[in-house]
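So the protein lines, in turn, are chains A and B. Numbering (my numbering) for the first sequence: 1 to 546. Numbering (my numbering) for the second sequence: 1 to 110.
Just so you know, these hints were derived from the structure itself, not from any lab. Heads up, some of the hints might be wrong.
As the list claims (entries may be wrong) - For lysine-lysine, the following DSS-like pairs were computed, each having C-alpha atoms within a straight-line distance of at most 27 Å:
hint : chain 1 : residue 1 : chain 2 : residue 2
1    : B       : Lys107    : A       : Lys185
2    : B       : Lys71     : A       : Lys429
3    : A       : Lys189    : B       : Lys107
4    : B       : Lys107    : A       : Lys209
5    : B       : Lys107    : A       : Lys247
6    : B       : Lys107    : A       : Lys206
7    : B       : Lys107    : A       : Lys47
8    : A       : Lys38     : B       : Lys45
9    : A       : Lys437    : A       : Lys247
10   : B       : Lys71     : A       : Lys118
11   : B       : Lys71     : A       : Lys130
12   : A       : Lys58     : A       : Lys189
13   : B       : Lys45     : A       : Lys58
14   : A       : Lys204    : A       : Lys185
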Amino acid sequence: MRTFIRLYIIWALLILILAGLIWRLIDLSVNDRTFLLKQSQARILRKISIPAYRGMIKDRLGSPLAISTPVDSVWINPQSFKPTSIELQQIATILGISTVSIHKTIQTSRDRQFIYLKRGNPPDIADQIKLLNIPGIYTQREYRRYYPESEVAAHVVGITNVDDQGQEGLELAYNAWLGGTPGLKEVLKDRLGHIIANLELLQKPKQGKDLTLSIDHRIQYLAYSVLKQTVTQYHAQAGSIVVLDVKTGEIIAMVNQPSYNPNNRPKNHDDRYRNRAVTDSFEPGSVIKPFTIALALNSGKYTAETTIDTNPGWMKIGGYRIRDDLNYGVVNLTQLLQKSSNIAAAKVLLSLDPTQYFNLLSDLGFGQRTESGFPGEESGRLVLPPKWVPSVIATLAYGYGISVTALQLAHGYATLANGGISMPMTFLKVDHPPEGKRVLPEKVANSIVKMLQMVLQSGGTGTQARIPGYTVAGKTGTAYIAGPNGYDKLHYMSSFIGMAPAENPQIVVAVVIRDPRGEHFGGLVAAPAFAKVMGGALRLLDIPPS
Amino acid sequence: MNTRVLALKRYPSGSSSARWVLNRLTLGLLVSGLLLSAFGIVYVKDLNRRLFIQYQQLQQEQATAMNDWSKLLLEQSTWAAQARVQQVAEDRLGMYSPSTKEIILVKNVR
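Given only the sequences and the hints, what does the whole structure look like? Please build it.
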């Protein structure tokens, strides 16, 4: 009987132990399940972001205008960052910042878990930091834009901020297209930190796409150097040059002075940042006359040979007196443009319907936004016809009382050059040119281009714009700049806008110089610059001489 | 005398030993099949992990290559910048843009 009790006791003990184990098993599987699962996941599950690169901006030939390069930002976790003074000194030397500022950074962020120490370091610097193996200091891969063309294309391309978001120019306008959104995926990591399995794609990354502009970087550089030389030579306040492709509406070059270096931008966001060709408007003066003539020819009341008497060289209208530079006597429409007679232009417009002039100017793009895709476009000002009294109409005929941008002027001339069809302006490379809108009859546009050729012949104001080997048509402009007290007649806008080759224009170049000193006539200041830019552009684009 | 003895179930001595062998053989086969598939799973899982690590490394290489490419592109554009080429051409090589008189036009006669 005793032997049985021992056996039963052993059996009971074993069963108890087994029950205990089973209970522990149930306890772990059911009660502590969530806690243990979380712990396990914390050790092996990771959410990793999939990087998306910002697209490149290229010119029409494929050369890069804006490229992203990787930089590493160094950040610390103040909770776990406790460096010795030697380590602190090492970090300070590598990053090029003072130990004092590092201390300050730690002080101001005691209760945070993340603070940048220095953003935008070259990757080799960040590698040195990583080699130090100091706990609490980490690196984060970011991207920074570099602009190979620097100040030459700065206004058009624009800039991004430290978070890689576009701030100005086309970087801003096409930020959504260029910028990628990083994706997110969930992975399993093993003990050593290697990723061993992709579990789930939580968010698909959107890669940034490249942008191909219509800008030709060679012509852009040519225009920039010519503009810079002209503005410096005449101590002008500012200037712009716009080069357009007549047939497609593409903007081949757009430069302004003053400019800035986007790779090393100035601390203050000052007036160097403006793309003046698009944002600054001014009274155009005589360069508007071809459009007055267009209205005249279109009305049927005038032909190229119709004469107007400008004697004695001045004219009273309203309470004002308008005058020409000289008494040109009796001129026909061609000579009106050639010598740039204000009186003749005023008389022509006064004999026509002002509402028609308003409509024509609006159709040509004046007084409205150009819709080129550039942010911050200025629409200029074109006052509505009911406000036009005769003196207003008269001055409107030769370019006062209306404000336009350099791009709008170039666009208007491109419409004339394109046989009267207005093409939409674009900064992007065009493979299939759109339809275009007819604004003037072809005959009218072609006769004006013929007349404008005479401006460069002897007796015209634009002789300095001649280009050996090519036929050119264009117009000079020398407009007073209005000050707070009216026109002080000391400050001028000097401009020349022309097209070539005259028999079948391919390119329009608009040169506008603000407030040149010494000389001020458009034919002296802007015309030579035009000749250099247009000559170079024709040669670079392989357009054969006439 | 109340000891109970578990008796081994013995096959009736009357049945053939061939059937006994066949049963043992099938059992052995099934067990080895089980073992094989178990090892197979282990092998495939390990292979999966190795290949995945390789895949990650290649992806990393691709990312590095892309970064290098953009850096090289940047370097090339800086070296080939219009301003620099003009400066080098004028200062170091003494070149200039030819005037119209110095240019000879050759027509492509077809």
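To see whether the hints hold, each was checked on the structure:
1. About 62 Å separates the Cα atoms of B/Lys107 and A/Lys185, which puts this hinted pair outside 27 Å; it is violated.
2. A hinted pair counts as satisfied when its Cα atoms are at most 27 Å apart, and B/Lys71 with A/Lys429 qualifies at roughly 25 Å.
3. About 69 Å separates the Cα atoms of A/Lys189 and B/Lys107, which puts this hinted pair outside 27 Å; it is violated.
4. The straight-line distance between the Cα atoms of B/Lys107 and A/Lys209 is roughly 41 Å, outside the 27 Å bound, and the hint therefore fails.
5. The straight-line distance between the Cα atoms of B/Lys107 and A/Lys247 is roughly 24 Å, inside the 27 Å bound, and the hint therefore holds.
6. Distance hint between B/Lys107 and A/Lys206 is unfulfilled; the C-alpha atoms sit about 50 Å from each other, more than 27 Å.
7. For a cut-off of 27 Å, the pair hint linking B/Lys107 to A/Lys47 is broken: about 65 Å separates their Cα positions.
8. Straight-line distance between C-alpha atoms of A/Lys38 and B/Lys45 comes to about 24 Å, which keeps the hinted pair within the 27 Å bound.
9. Restraint check for A/Lys437 and A/Lys247: satisfied, since their Cα atoms lie roughly 12 Å apart, inside the 27 Å limit.
10. About 21 Å separates the Cα atoms of B/Lys71 and A/Lys118, which keeps this hinted pair within 27 Å; it holds.
11. Distance check on the hinted pair: B/Lys71 and A/Lys130 sit about 22 Å apart at the alpha-carbon level, within 27 Å; holds.
12. For a cut-off of 27 Å, the pair hint linking A/Lys58 to A/Lys189 is broken: about 40 Å separates their Cα positions.
13. Annotation: proposed proximity of B/Lys45 to A/Lys58 is violated, straight-line Cα distance about 46 Å (limit 27 Å).
14. For the suggested pair A/Lys204 and A/Lys185, the alpha carbons sit about 8 Å apart, so the restraint of at most 27 Å is met.
Going through the hint list in order, the structure does not satisfy hints 1, 3, 4, 6, 7, 12, 13.
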